[in-house]
Amino acid sequence: MTNTAIHLENLSISYGDTAVVHDVTFDVAEGESFALVGESGSGKSTILKAISGLAPDWTGTISVEGKARGHAPDRAFAETCQMVFQDPYGSLHPRKTVDTCLAEPLAIHGIGGRDSRVKDMLAAVGLDQRFRFRFPHQLSGGQRQRVAIARALMLEPRVLLLDEPTSALDVSVQAEILNLLKKLRREQGLTYLMVTHNLPVVSFLCDRLAVMRYGRVVEIAGVDALKSGRLSEPYSRELYAASGGTLQSA
Amino acid sequence: MSAPLLEIDGLTVTFPTARGPVDVVKGISFTLGRERLGIVGESGSGKSMTGRAILRLIRKPGKVAARRMTFDGIDLLSRSERQMRDLRGARISMVMQDPKFSLNPVMTVGEQIAEALVTHKKLPRRELKERVLAMLEAVRINEPSRVADLYPHEVSGGMGQRIMIAMMLIPEPDLLIADEPTSALDVSVQAQVLDIIDDLVTGKGMGLILISHDLNLVSRYCDRILVMNSGEIVEQCKASDLHKAKHPYTRGLIAAMPRMDEDRDELPVLDRSTWTTGAGT
Numbered sequence: 001m002t003n004t005a006i007h008l009e010n011l012s013i014s015y016g017d018t019a020v021v022h023d024v025t026f027d028v029a030e031g032e033s034f035a036l037v038g039e040s041g042s043g044k045s046t047i048l049k050a051i052s053g054l055a056p057d058w059t060g061t062i063s064v065e066g067k068a069r070g071h072a073p074d075r076a077f078a079e080t081c082q083m084v085f086q087d088p089y090g091s092l093h094p095r096k097t098v099d100t101c102l103a104e105p106l107a108i109h110g111i112g113g114r115d116s117r118v119k120d121m122l123a124a125v126g127l128d129q130r131f132r133f134r135f136p137h138q139l140s141g142g143q144r145q146r147v148a149i150a151r152a153l154m155l156e157p158r159v160l161l162l163d164e165p166t167s168a169l170d171v172s173v174q175a176e177i178l179n180l181l182k183k184l185r186r187e188q189g190l191t192y193l194m195v196t197h198n199l200p201v202v203s204f205l206c207d208r209l210a211v212m213r214y215g216r217v218v219e220i221a222g223v224d225a226l227k228s229g230r231l232s233e234p235y236s237r238e239l240y241a242a243s244g245g246t247l248q249s250a
Numbered sequence: 001m002s003a004p005l006l007e008i009d010g011l012t013v014t015f016p017t018a019r020g021p022v023d024v025v026k027g028i029s030f031t032l033g034r035e036r037l038g039i040v041g042e043s044g045s046g047k048s049m050t051g052r053a054i055l056r057l058i059r060k061p062g063k064v065a066a067r068r069m070t071f072d073g074i075d076l077l078s079r080s081e082r083q084m085r086d087l088r089g090a091r092i093s094m095v096m097q098d099p100k101f102s103l104n105p106v107m108t109v110g111e112q113i114a115e116a117l118v119t120h121k122k123l124p125r126r127e128l129k130e131r132v133l134a135m136l137e138a139v140r141i142n143e144p145s146r147v148a149d150l151y152p153h154e155v156s157g158g159m160g161q162r163i164m165i166a167m168m169l170i171p172e173p174d175l176l177i178a179d180e181p182t183s184a185l186d187v188s189v190q191a192q193v194l195d196i197i198d199d200l201v202t203g204k205g206m207g208l209i210l211i212s213h214d215l216n217l218v219s220r221y222c223d224r225i226l227v228m229n230s231g232e233i234v235e236q237c238k239a240s241d242l243h244k245a246k247h248p249y250t251r252g253l254i255a256a257m258p259r260m261d262e263d264r265d266e267l268p269v270l271d272r273s274t275w276t277t278g279a280g281t
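Line order of the protein sequences matches chains Y and U. 110 is the number that the UniProt record's numbering gives to position 110 of the first sequence; each next residue is one higher, with no gaps. 228 is the number that the UniProt record's numbering gives to position 228 of the second sequence; each next residue is one higher, with no gaps.
The hints are simulated quantities; they were obtained by calculation from the structure and are not laboratory data. Yeah, the Cβ is synthetic: ideal placement off N, Cα and C, and Gly gets one too. Among these hints, one or two may not hold up.
[As the list claims (entries may be wrong)] One side only, chain U facing chain Y, incomplete, derived with CB under 8 angstroms: (1) S188; (2) L253; (3) P258; (4) R259; (5) V269.
Let the hints inform the model, and build the full structure from the sequences given.
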C-alpha cells in the first residue's frame, strides 16, 4: 500500500462542553481524494478544522504525512497542509490585493522569489496576470475561489483540505473549479480531504467517501458504490435518494 | 383551460448605473396558469428580479416597465402602492431564500404567522390560534403549540423555512413565488421542504413560480421551465423535455453538472461566446 497522507485515530472534538465529533478513525492514502459527506451539524467541517488547527479542543491522534499534529499552532505544519474555505467572498481579505494575499504566506515562511512564484501560481490556477493587482471585490465568485486555491497552494503543500469549495458558486463556475481541482491533483500529486453535501461532486472528484451523522462516521465506501447506488447503511441510502439518485440493492 | 392566472408581456427591469441605465430583465413575456413554473438561471440572470417585479417589490432607483402585467384580471402596473399591499400576501406571496434574514427576530413564530393572516382578515383570537397551529401542522412541524412560542433563532434552518412557508400560505394566496426556497438548506431537508410546497400547491390548486439555479431540482418539481440568461428567456420547455433542450446555454448548463454516476474526466465548461454574439438575431 502507498503511504498514508492523513491518519485520524479515535478523534473526538468538542467546542467547550459540547462534543461534536466522536471517535472518528480513518486513513487517507497519499494522492487519494477522500470526501466527507453528511448534513449540517454532522461534524464534517469540524474534522477539517481540527486537522488545520482551528478547533484545538480534541483528543485522539491526528497525523499528516507521518507527522503527529500537536494542539498548538504549528508553522511547519502549514507547509504540508492547507485549507480552502467555502465562501470565497468571506475568506479573502477585502483590502489586500491578490498579489499581497498570495505573497503573504511566502513572506511569513521567509521564501524568496515571490514575484515569479505569484506569477506562476496565477497561471496554474488559470487566472490572467492582469488580475494580480486587483482587490477581491473586483473579481467574480469563481475568480475569487481560484485565488483562494492559489493561496492555499503557495507553500506547495502535499495535502489540501477543501471545505465545500464549490457550494457558493454557479453550476457553470462550479464545473470550472472542479476541473481545476482535478487538474492540480493530477499535476502535483496532491491529497484531498473534501467536505461536501453534493454527492455528484464526490462522484466526479473523489476516490472514497465517508458518510457522517451526529459526529460519527456511519459508512466508508468507495466511489463505485456511490456511482452504482450500492451504499449499504440506511442513512447513506437516504442521503443518496435525497440527492436524486436511484437506489440499487446493496 | 381558463384564462391564465398571470400574464406578463414585455417586462423590463432597469437600474441606473454610472455608465447609464442597465436592463437586468430585458422585455420578457410569459403566462402562468394554475401550474408549477420553474425559472432557472445563474447569478445575475435576472430570475429573482422577475419574481420581485411581479409583486412590484423593486425599490427605487430600479424601474419596472411592461406592456402588460396582469394577475387574475387585475392590472398590476396601474395599482397604487396601497392597493398592491392588499394583494401581497393575500393573493400573491413570496418565500425568500434565507429564513435567517427573513423572519422577524423579536417576534415569536406563532405571532408572525398570525400577523400574516390578520393583516388581511379580522378573526377572533381563538380561531386565529387554531388556524396558526393547523398551518404549522400542515408544514409538518411536530408539536406545533411548542414551536409557535419559539423565536426564530431557536429553530433550525429547515424548520425556519417551513415556518416561512406556513406564513406565506396561511392567507391562502393564488400564486406563490418561491425564490431559491431551499438553497440555504441541507440536501435531505431540501426534498422535504419542496415536497411540502408541492403538496400544498397542488392540493389547493395554486400557481407556483419556483426560482432556482438548480436545474435538476426544478425539473423534478415543476411542470414547465423557463431558462434565463442575462435578462432574457433563452428557452421554454416542459420539465420532462429538459434533456431535449436546444439552446446552447441550457445544454451547457446541463452538461456542466456532475452526475451521480460520473465517468467523464473533465466537465465541459460553458463557452459563453457561442450565443452572446448571436444575440439579437
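**OP:** Return the numbers of the hints above that this structure violates; sort them in rising order.
**Re:** none
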